[in-house]
Amino acid sequence: MDFNLTDEQQMLKESIADFMEREVKPDRVARCYQREDGYDRGLFRTAAQSGWLGMPVPEELGGAGGSVMDCAVAFEGFGSGPLPAPVFSAGVLSPLLILHGGSNDQKRQLLPAMCKGEVIATLAVSDSGMGWGPEMVEMELADSGDGFVLSGVKQFVQDGHPANMYIVGARSREGVSLVLVERDRPGVSVRQRGELLATVAEVRFENVRMPRAALLGSPGSGWDTIESALDQALPILCASKVGACQQIFDTTVEYTRERIAFGQPIGRFQRVQDHMVELADHMDAARWITYETIWKLESGLPAKGFIHEAKAVASEGYYQVVDYAHKVWAGPGTALDHPLMAHHIASRVLYQYLGDPAYHKRRMMDALYPVEA
Amino acid sequence: MDFALDEVSPELKPFQHEMRAWVKDAMRGSEHLRWSANWSTRENDEEYTFRRGLAEKLGAKGWLFPTLLPEYGGAGLTAEYQAVIDAELSEYGLALDHIFYTLARIVVPCILYHGTEDQKREFLPPMTRGLISVWQVLTEPQSGSDVANVKTTAIRQGDEYVVNGQKIMVGHKLPPDWIWLLVCTDPGRPRHENLGWLYMPANLPGITIQHLPMLMGIKNAVFFDDVRVPAKYLVGGENNGWEVSHTHMELEHGGGGSVTGDPAVERLFEYCQQTKRAGKPPIADPHVRDILAEALIESHAVRLMNQRNYWHRLNRDPHPYGGAQLRYYQRTVRLRNAQRVQQILGYDALVPNYDVHEFADFEYLLRAGPGQLHGGGTLDTDRLIVARRMGLGRATKEKAAVTI
Numbered sequence: 001m002d003f004n005l006t007d008e009q010q011m012l013k014e015s016i017a018d019f020m021e022r023e024v025k026p027d028r029v030a031r032c033y034q035r036e037d038g039y040d041r042g043l044f045r046t047a048a049q050s051g052w053l054g055m056p057v058p059e060e061l062g063g064a065g066g067s068v069m070d071c072a073v074a075f076e077g078f079g080s081g082p083l084p085a086p087v088f089s090a091g092v093l094s095p096l097l098i099l100h101g102g103s104n105d106q107k108r109q110l111l112p113a114m115c116k117g118e119v120i121a122t123l124a125v126s127d128s129g130m131g132w133g134p135e136m137v138e139m140e141l142a143d144s145g146d147g148f149v150l151s152g153v154k155q156f157v158q159d160g161h162p163a164n165m166y167i168v169g170a171r172s173r174e175g176v177s178l179v180l181v182e183r184d185r186p187g188v189s190v191r192q193r194g195e196l197l198a199t200v201a202e203v204r205f206e207n208v209r210m211p212r213a214a215l216l217g218s219p220g221s222g223w224d225t226i227e228s229a230l231d232q233a234l235p236i237l238c239a240s241k242v243g244a245c246q247q248i249f250d251t252t253v254e255y256t257r258e259r260i261a262f263g264q265p266i267g268r269f270q271r272v273q274d275h276m277v278e279l280a281d282h283m284d285a286a287r288w289i290t291y292e293t294i295w296k297l298e299s300g301l302p303a304k305g306f307i308h309e310a311k312a313v314a315s316e317g318y319y320q321v322v323d324y325a326h327k328v329w330a331g332p333g334t335a336l337d338h339p340l341m342a343h344h345i346a347s348r349v350l351y352q353y354l355g356d357p358a359y360h361k362r363r364m365m366d367a368l369y370p371v372e373a
Numbered sequence: 374m375d376f377a378l379d380e381v382s383p384e385l386k387p388f389q390h391e392m393r394a395w396v397k398d399a400m401r402g403s404e405h406l407r408w409s410a411n412w413s414t415r416e417n418d419e420e421y422t423f424r425r426g427l428a429e430k431l432g433a434k435g436w437l438f439p440t441l442l443p444e445y446g447g448a449g450l451t452a453e454y455q456a457v458i459d460a461e462l463s464e465y466g467l468a469l470d471h472i473f474y475t476l477a478r479i480v481v482p483c484i485l486y487h488g489t490e491d492q493k494r495e496f497l498p499p500m501t502r503g504l505i506s507v508w509q510v511l512t513e514p515q516s517g518s519d520v521a522n523v524k525t526t527a528i529r530q531g532d533e534y535v536v537n538g539q540k541i542m543v544g545h546k547l548p549p550d551w552i553w554l555l556v557c558t559d560p561g562r563p564r565h566e567n568l569g570w571l572y573m574p575a576n577l578p579g580i581t582i583q584h585l586p587m588l589m590g591i592k593n594a595v596f597f598d599d600v601r602v603p604a605k606y607l608v609g610g611e612n613n614g615w616e617v618s619h620t621h622m623e624l625e626h627g628g629g630g631s632v633t634g635d636p637a638v639e640r641l642f643e644y645c646q647q648t649k650r651a652g653k654p655p656i657a658d659p660h661v662r663d664i665l666a667e668a669l670i671e672s673h674a675v676r677l678m679n680q681r682n683y684w685h686r687l688n689r690d691p692h693p694y695g696g697a698q699l700r701y702y703q704r705t706v707r708l709r710n711a712q713r714v715q716q717i718l719g720y721d722a723l724v725p726n727y728d729v730h731e732f733a734d735f736e737y738l739l740r741a742g743p744g745q746l747h748g749g750g751t752l753d754t755d756r757l758i759v760a761r762r763m764g765l766g767r768a769t770k771e772k773a774a775v776t777i
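The listed protein sequences derive, respectively, from chains A and B.
At position 193 of the first sequence the residue is numbered 193 (the working numbering), and the sequence of numbers has no breaks.
At position 286 of the second sequence the residue is numbered 659 (the working numbering), and the sequence of numbers has no breaks.
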């Protein structure tokens, strides 16, 4: 038992904390989220140059060959901003999808480019807003003889605006398949959604013709690929939410010391204290369940159920931490340029992203306590 | 990060094997008493005898308080060894913290940090060897959460303190051998500067113990009528009791942590898998599964906060707000779990089952949820402590006391 980070992880943590403090000023983050695309190109370039894209990708394919724990340490830092750039979708999830589902050619062609930030890929799976799972993929993968034709709308694509490639889920009689679609293909159009969906875009596919080589893996293997990639990706996403919670906690504690009402710091009021206690409970539950899950995963222990648990708890935790922070910050915390607003938006969107807590709790139970048929 | 309890460094391997074999041997024939060496207010004779016997066996090896020096009844081992002992015991649902029927776990560190050398050598070994049962006796009718508001007086007369007053809601069904008593040593002095702690035999003339039947079992009122206590039993000095309280409270308020799981939720899952309702196990019911998912997640969070605090304590780096946080969270979880049990079991949740230890008896959970919200201070004092430790509205953060 040892809850310390390794020396290397501690150095990584500190260097990212420095970067976040120096470069990712709260007002810069807030502006990004207000600009409707939730995206800072300069910061994304810096992340690419620093080797923070494709961290879990093996070194021979352009990545850092980092463990899930290494990535989690980094993403706890990125989440604290949150860093307004698609570092998770394009830097973790998409590379893992290629690693798990791609041919050797696809890996060699795409992964180094993803690690450099040249290919910015994101997963486009659910057609509609509710639910997550293979059954939510309705778009048809129509055979056109020499390839496929895609038609339909992916309404909610995380980081759909900065992306230049979509990993699209589509359905054929074999099941769900994943297709790599470049954004500049004829028939692809992207609409920014803005407001609470600042980091989400609607991506429309109209008779988009794709060659067979664009398929990731075999027909019908798409959901298995997603599941395999998510086993590593979800804990990393959870760590970014933990970092967000910690940042909110730290700044809100400071606020209870500085903000004077009725002649004293508001942190002296027990009702304000109560909000902070609940906030910390959600934060620490998310933190320790996330990190224990990562430890299980990397120790070769059964981890599937706990990965789902971590996703449920971290998503719920982030959402609740933001809500408790709102109770403390009151009016100022709802100004669109307030640091809390970026977290507000991220907590709402990431609650849905890759499955909501209700979905993951059910999957947790199914993994740990399967129902006998 | 490494959460493993059973993975130890190569130099600890032989000790781990020794301990594993030792615990297995000590539990032979008593496996059905899994959990029963834990804290209890509804004990039966078999449990009680087993528990005291196990404590004596551990104590004889110096393993009840393994990091203490041998002259204090310990084994002079490092914290890593204590972690091994706790981890092996946790396989049987046991923990050093509550291994036998006493609050020595709290009293020993108080004497260790605040007692004189003579007191340590005299008072510690009977506790650390598991030979005696100790009650902590703090609460008074007018002072529950406001624990410093002590009216029980201990006034020095020559070589003795004369104790008068009443304590309430303390102890359990069987009488103590010794008492750890919070008293007012000078009623004329200001609050917090008028307290003292007596560590004294429970059989001194003038002490009367009266059972109080309560929702979660037997507690007691203790009356002190001109009890003459030799002055050598005062620990930490006259009017210095509040200092001693910091050590006491940190442990009582969860700062000790633990590496043992929650038997209640474990057993709830077993029940839902093994019983049948309308031909199907409850765990096949989607509604029941949703309730179980919440119980499972929260019990994991409690277990991890416990493990975190344990690790911090053993590293002598107490978590800033983790002790009171754990206590607050754990007790709110138990309250919710009590209702969850009833949501799943229905009327069956209201039927006591004395064949299982109370920690795993569903009816007891329904009692303990609301019944144990207050022990050692209310939820509100927990939150107050958390707030001070976080430094809310304060220039400085209150520090947690070191407890090992």
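There could be a bad hint or two in this list.
Here are the computed lysine to aspartate or glutamate pairs in the EDC-like style, where the Cα-Cα straight-line distance is at most 16 Å [said to hold, decoys possible]:
id, chain 1, residue 1, chain 2, residue 2
1, B, 434, B, 444
2, B, 770, A, 202
3, A, 296, B, 380
4, A, 296, A, 59
5, A, 116, A, 184
6, B, 430, B, 391
7, A, 327, A, 254
8, B, 770, A, 227
9, B, 524, B, 495
10, B, 524, B, 599
11, B, 605, B, 495
12, A, 296, B, 379
13, B, 772, B, 616
14, B, 770, A, 138
15, A, 304, A, 227
16, B, 653, A, 174
17, B, 772, B, 690
18, A, 304, A, 231
19, B, 649, A, 224
20, A, 304, A, 224
21, B, 430, B, 379
22, A, 296, B, 375
23, A, 304, A, 250
24, B, 546, B, 418
Listed next, with one range per pair, are the computed distances between beta-carbon atoms [to be verified]:
id, chain 1, residue 1, chain 2, residue 2, range
25, A, 299, B, 391, 53 to 59 Å
26, A, 58, B, 769, 47 to 53 Å
27, A, 21, B, 388, 29 to 35 Å
28, A, 11, B, 652, 57 to 63 Å
29, A, 174, B, 659, 43 to 49 Å
30, B, 562, A, 31, 55 to 61 Å
31, B, 387, A, 348, 40 to 46 Å
32, A, 258, B, 489, 42 to 48 Å
Keep in mind the hints are simulated off the structure, nothing from the lab.
Every residue gets a Cβ at the ideal spot worked out from N, C-alpha and C, and that includes glycine.
Checked hints:
1. Taken as a hint, the residue 434 of chain B and residue 444 of chain B pair is honoured in the structure, with Cα atoms around 13 Å apart against an allowance of 16 Å.
2. With a C-alpha separation of about 48 Å, the suggested pair residue 770 of chain B and residue 202 of chain A falls outside the 16 Å cut-off, and the hint is violated.
3. Distance restraint check for residue 296 of chain A and residue 380 of chain B: the Cα-Cα separation of roughly 13 Å lies within the 16 Å cut-off, and the hinted pair is therefore satisfied.
4. The straight-line distance between the Cα atoms of residue 296 of chain A and residue 59 of chain A is roughly 24 Å, outside the 16 Å bound, and the hint therefore fails.
5. A hinted pair counts as satisfied when its Cα atoms are at most 16 Å apart, and residue 116 of chain A with residue 184 of chain A does not qualify at roughly 19 Å.
6. In summary, the hint linking residue 430 of chain B to residue 391 of chain B is supported, as the alpha carbons are separated by about 14 Å, within the 16 Å threshold.
7. A C-alpha spacing of about 15 Å is found between residue 327 of chain A and residue 254 of chain A, which places the hinted pair at or below 16 Å, so the restraint holds.
8. For the suggested pair residue 770 of chain B and residue 227 of chain A, the alpha carbons sit about 44 Å apart, so the restraint of at most 16 Å is broken.
9. Note on residue 524 of chain B and residue 495 of chain B: the hinted pairing is violated, with a Cα-Cα distance of about 29 Å set against a maximum of 16 Å.
10. Between residue 524 of chain B and residue 599 of chain B the CA atoms are separated by roughly 14 Å; this keeps the pair inside 16 Å, and the hint holds.
11. Note on residue 605 of chain B and residue 495 of chain B: the hinted pairing holds, with a Cα-Cα distance of about 10 Å set against a maximum of 16 Å.
12. Proximity of residue 296 of chain A to residue 379 of chain B is assessed by CA-CA distance (about 13 Å); at most 16 Å being required, the pair is judged to hold.
13. For the suggested pair residue 772 of chain B and residue 616 of chain B, the alpha carbons sit about 13 Å apart, so the restraint of at most 16 Å is met.
14. As the CA atoms of residue 770 of chain B and residue 138 of chain A are separated by approximately 55 Å, the hinted pair breaks the 16 Å bound.
15. Between residue 304 of chain A and residue 227 of chain A, the direct Cα distance comes to roughly 10 Å. Compliance with the 16 Å bound is thereby established for this hinted pair.
16. Note on residue 653 of chain B and residue 174 of chain A: the hinted pairing is violated, with a Cα-Cα distance of about 34 Å set against a maximum of 16 Å.
17. In summary, the hint linking residue 772 of chain B to residue 690 of chain B is supported, as the alpha carbons are separated by about 11 Å, within the 16 Å threshold.
18. Under the criterion of a C-alpha separation no larger than 16 Å, the hint pairing residue 304 of chain A with residue 231 of chain A is consistent with the structure, at around 7 Å.
19. Using a Cα cut-off of 16 Å, the hinted pair residue 649 of chain B and residue 224 of chain A is violated, with the two alpha carbons roughly 34 Å apart.
20. For the hint linking residue 304 of chain A to residue 224 of chain A, the alpha-carbon distance of about 13 Å falls within 16 Å, and the restraint holds.
21. The straight-line distance between the Cα atoms of residue 430 of chain B and residue 379 of chain B is roughly 22 Å, outside the 16 Å bound, and the hint therefore fails.
22. With a CA separation close to 9 Å, the supplied pair residue 296 of chain A and residue 375 of chain B stays within the 16 Å bound.
23. Between residue 304 of chain A and residue 250 of chain A the CA atoms are separated by roughly 32 Å; this puts the pair beyond 16 Å, and the hint is violated.
24. With a C-alpha separation of about 11 Å, the suggested pair residue 546 of chain B and residue 418 of chain B falls inside the 16 Å cut-off, and the hint holds.
25. A hinted range of 53 to 59 Å for the beta carbons of residue 299 of chain A and residue 391 of chain B is inconsistent with their spacing of about 25 Å.
26. For the pair residue 58 of chain A and residue 769 of chain B, the beta carbons lie near 48 Å from each other, so the given range of 47 to 53 Å is met.
27. Residue 21 of chain A and residue 388 of chain B have their C-beta atoms about 45 Å apart, which leaves the hinted 29 to 35 Å range violated.
28. For the pair residue 11 of chain A and residue 652 of chain B, the beta carbons lie near 59 Å from each other, so the given range of 57 to 63 Å is met.
29. Roughly 29 Å separates the CB atoms of residue 174 of chain A and residue 659 of chain B, a value that falls outside the hinted 43 to 49 Å.
30. The beta-carbon spacing between residue 562 of chain B and residue 31 of chain A, approximately 60 Å, falls within the hinted interval of 55 to 61 Å.
31. Range check, residue 387 of chain B to residue 348 of chain A: about 54 Å between beta-carbon atoms, so the 40 to 46 Å window is missed.
32. Range check, residue 258 of chain A to residue 489 of chain B: Cβ separation about 46 Å, and the 42 to 48 Å hint holds.
Figure legend: structure checked against the earlier numbered hints; hints not met, in rising order: 2, 4, 5, 8, 9, 14, 16, 19, 21, 23, 25, 27, 29 and 31.
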